[in-house]
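Mind assembling these two chains? They're in different frames, but the hints should get you there.
Chain by chain, the residues run as shown.
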Amino acid sequence: MISINNIAKGFSDKPVIEGVSAEFETGKCNLIIGASGSGKTVLMKCLVGLITPDAGEIMYDSENFSLMDEEAKKNMRRKIGMLFQGSALFDSKTVEQNIMFPLDMFSHDTRAEKQKRVDMVLDRVNLNGAHKKFPAEISGGMKKRVGIARSIVLNPQYLFCDEPNSGLDPQTSLVIDKLIREITTEYNITTVINTHDMNSVMEIGDRILYMYQGKKEWEGNSKEIIFSKNEKLNSFIFASDFLKDAKDMRMLELSGKIDEKRNMDQLLNG
Amino acid sequence: MKIFTRFGAFILMLKGMFTKPENWRMYWKELMHQCVELGIGSMGIVSIVSVFIGAVSTLQTAYQFISPIIPRSVIAQIVRDTVILEFAPTITCVVLAGVVGSKISSELGNMRVSEQIDALEIMGINTKAYLILPKILAALITIPLLVILAMTLGIWGGRFVGEVTGILPNEVFDRGLVEAFVPYNVKFALIKAYTFAFIITAIPAYFGYNVKGGALEIGRASTTAVVSSCIIILLADYILAAVLL
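Just so you know, the protein sequences line up as chains R and B, in that order.
Taking the numbering used here, I'd label the letters of the first sequence as residues 12 to 281.
Taking the numbering used here, I'd label the letters of the second sequence as residues -2 to 242.
Some clues are possibly wrong.
[Claimed, not checked] For lysine-lysine, the following DSS-like pairs were computed, each having C-alpha atoms within a straight-line distance of at most 30 Å:
| id | chain 1 | residue 1 | chain 2 | residue 2 |
| --- | --- | --- | --- | --- |
| 1 | R | 240 | R | 258 |
| 2 | R | 125 | B | 17 |
| 3 | B | 209 | R | 90 |
| 4 | R | 104 | B | 17 |
[To be verified] Example chain B residues on the side facing chain R (calculated, C-beta under 8 Å, incomplete):
| id | residue |
| --- | --- |
| 5 | 19 |
| 6 | 20 |
| 7 | 23 |
| 8 | 78 |
| 9 | 113 |
| 10 | 115 |
| 11 | 116 |
| 12 | 149 |
[As the list claims (entries may be wrong)] Each pair of labels, with its calculated beta carbon distance range:
| id | chain 1 | residue 1 | chain 2 | residue 2 | range |
| --- | --- | --- | --- | --- | --- |
| 13 | R | 19 | B | 209 | 19 to 27 Å |
| 14 | B | 21 | R | 37 | 56 to 64 Å |
| 15 | B | 3 | R | 115 | 33 to 41 Å |
Simulated from the structure, these hints should not be mistaken for lab results.
Glycine is no exception: its CB is placed at the ideal position from the N, C-alpha and C atoms.
Chain B extracted, bound-state conformation (with noise of 0.2 Å):
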């Protein structure tokens, strides 16, 4: 029964978001400070986390191909096609609910116990369309691109490993990565992004604009948003998956 009327409250607060904003230029300065906190801010982790899965897949594939019959630039496809409909999207966006996901909720949860979301209120601001509509909207200009530069760090690192280790010479790894190319995989990639992106700012918006009581309660409910996020995240990638490949 509890889940219902917190789907219902995380409904409202969506519908709530959208009002006609008191300022225009304000929310936009708004939008364009999430778009670096959200998108700048976590370049810096989701580069170094997707040059690694890129390294560690062309080990790992590297490792069980033993059959002499298939080509090499089998390994590049495959980490390519891993890379680009799994490792990029989902692994980014669960690394990024961490991240993005508990700063989120603590912050708004923050504002919330030290009475900042009411001194807003009384000023007569829409407390949900100007602290969580640009969160939602800077996620989703950010964590599409994040997703790209995940996908090209993701390969590079695959390619570089390779060439470094001797596995796969970075001739035959490019002939690889081009054979057997499904541009749809791009386009599915994106799409997970953009639904990712949403999951992992509005659940935790929801948590954090909603706590009551103190510090502890900050606590938990940074620790249930980012729970929770990954959790949506994993079911909606099978979801997806299931429903668009």
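Chain R extracted, bound-state conformation (with noise of 0.2 Å):
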């Protein structure tokens, strides 16, 4: 579990982030959402320690994270993977190098030993055949495999997603969205996701924390969401009519009044 504890950080006097407190479950997808330029990238940021916050906590377990020097932020690191917004690959390496590298770096296995876990890696986010490939010859969904594949390499007891979806289309978002989840119940692991992609927040969102202009604005799970009363939240979640109408749907079929094939035809039939 992660917690935080009264976050704050501005750059050039100006606040980006304010007074935030959080917990971040073992084995649930947490979900860190809001606008562009709502903080949620700087929190992040700070999380993982890129970026030093002005106050506050930082708790991995029973770790805290804010009082330790570099070189235990640095060995602490070891037991973080992070997915980045670009995938953060190194693209004079192959597929297969990228995933290599921080074994090589930190392993003391056998050649054997670590070529096996790549393979397994590459494996378990179905990426057989591509460990010759460099990243300019890879797909966008592929890149983001690949990352999530470096990151679990070292099985880390933390997954940081930060914008996992951004640049994919639906049906591969579906999938990364799958393989994160997966991934997080499987290795029972803490996973705090930067996202504002609905789909997301609806699909695996077990913990949701809603950030407006630098502060918390609510907390809760994907059931609660639906019924949220908060304005601000809803205003930015169903922006469009047809997520609203979609959320209209759902807080019908939650609450056991219709049942999805009458959900299905009264959205055919207008």
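Below, the structure written as structure tokens:
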């Protein structure tokens, strides 16, 4: 579990995050959502130590990350995997070399054992046969999957995903979401996902933290979000008429007033 | 004020490089990779520049030597000393500041912008130590060797042109080469080579590592890195000459 307490960060005297506290549970997909500029990326960078917060406390299970020196933080980061928005794959290395890199750097296994591990994680993200391809030769969805494979190759306890669906078509987004959900459950890791993809919110949002102008505005799960009366949250999540209609249908369905078939009929017949 | 801030950040970057490597073998591999990239990769341009500089030196020195009382072998002495003292270390390193400096700056800048440096940090790797230190060490190993190559090829270029044009036969050039030779000049040239090697890798690394923004900023950082390196090389050249000669 990761817990944060009163995190604040500003740049040039302009506050970007103000007093955010939350808990991210183990074995669950914890989502941070919010409009562009709401401070979610800064919050995630604070969580992994790429940015030092001005105030507040970050706890990784029983370890206080905020009080660690650089060396201790470096060691802590070996328990962390991260999927970046642009995948951040090393351009000059093949898919296989990208995934092998953390193993080469930190593992004392033999070459054969490392190769077996690489094959296993590539198989896990359904990328068999892509070993020798360079990042420039694969699609955006495949890059994300390589990024996931690289971030889980050292068996992390914590997984951070910064906008894993950005730039992907809806179908590929679902595949990535499903993969992240499966990995989270399978390895029992604490996953924190930064997104503004509504499909992800509904599909994998075990815990959702909504940020608005640098502050925590709402917290709950994907069912609670449907019934939420928070106006800022509703105008952010259900921005279009289509999504508003979908929300109404989902509310009726969850409250047991209509079944799924009738939902579909209503939608199709207007 | 900005210059002091940058200097402070530069010193902190250098300080940050010195930590215990996460894996010695990987650092060694990276060092060897950089030796090949910076050293072997620059041999072509260094060779071409050196041969032509030596050749032109012979022609221009001979052109200015019109007095019959000065022996022709003095041309070889002048070519030797100018190549060893100035052309081989300084011109070679100014050229390398363009070739190697822009490469280092744009490579690190691109890694920064595409979050590859962040990805390494998240893995628990000291990126200053892994990405910058091997480049500086590789330059300190290979650039003095390139300067020695430049000295040799520069003098050979001068000798070759002297013979081909009939200005200075090989026997006379060879005699001039050994006359009044001061071994300290080679030592001085190597001191310059080590200093310039540090400058042409550390400064572009600083600008590349600290890029913020996108493609435009990478280009801007690359230009700033090359211009700054060249100016600092010329400044260091003057200081070393004033102090050591």
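Hinted contact residue 23(B) with chain R - closest CB pair below 8 Å
Because about 5 Å separates residue 23(B) from the closest Cβ in chain R, which is inside the 8 Å limit, the hint holds.
Restraint satisfaction for residue 115(B) [CB to CB of chain R, less than 8 Å]
This hint holds: residue 115(B) lies near chain R, its Cβ roughly 6 Å from the closest one there, short of 8 Å.
Holds or violated: are the alpha carbons of residue 209(B) and residue 90(R) at most 30 Å from each other?
OK: residue 209(B) and residue 90(R) at ~28 Å, within 30 Å.
Double-check residue 116(B) for me: the hint is only fine if its C-beta lies closer than 8 Å to a C-beta in chain R.
Since chain R brings a Cβ to about 4 Å from residue 116(B), closer than 8 Å, the hint holds.
Hint consistency between residue 240(R) and residue 258(R) [alpha-carbon to alpha-carbon, up to 30 Å]:
With Cα atoms ~12 Å apart, residue 240(R) and residue 258(R) stay inside 30 Å; holds.
Is the gap between the beta carbons of residue 21(B) and residue 37(R) within 56 to 64 Å?
Roughly 35 Å apart at Cβ, these two residues miss the hinted range, so it is violated.
Given the proposed pairing of residue 125(R) with residue 17(B), does the C-alpha separation stay at or below 30 Å?
holds (24 Å)
Using the nearest Cβ pair, does residue 20(B) come within less than 8 Å of chain R?
holds (5 Å)
The hint says 33 to 41 Å between residue 3(B) and residue 115(R); measuring C-beta to C-beta, is that right?
holds (34 Å)
Can the hint on residue 19(B) be confirmed by a CB-to-CB distance to chain R that is less than 8 Å?
Interface hint status for residue 19(B): holds (6 Å vs cutoff 8 Å).
Agreement of hint residue 78(B) with chain R interface, Cβ distance less than 8 Å
With a minimum Cβ separation of about 43 Å from chain R (threshold 8 Å), the hint on residue 78(B) is violated.
Holds or violated: 19 to 27 Å for the Cβ distance of residue 19(R) and residue 209(B)?
Taking Cβ atoms as reference, residue 19(R) and residue 209(B) lie about 22 Å apart, which means the hint holds.
Of the numbered hints listed earlier, those contradicted by the structure are 8, 12 and 14.
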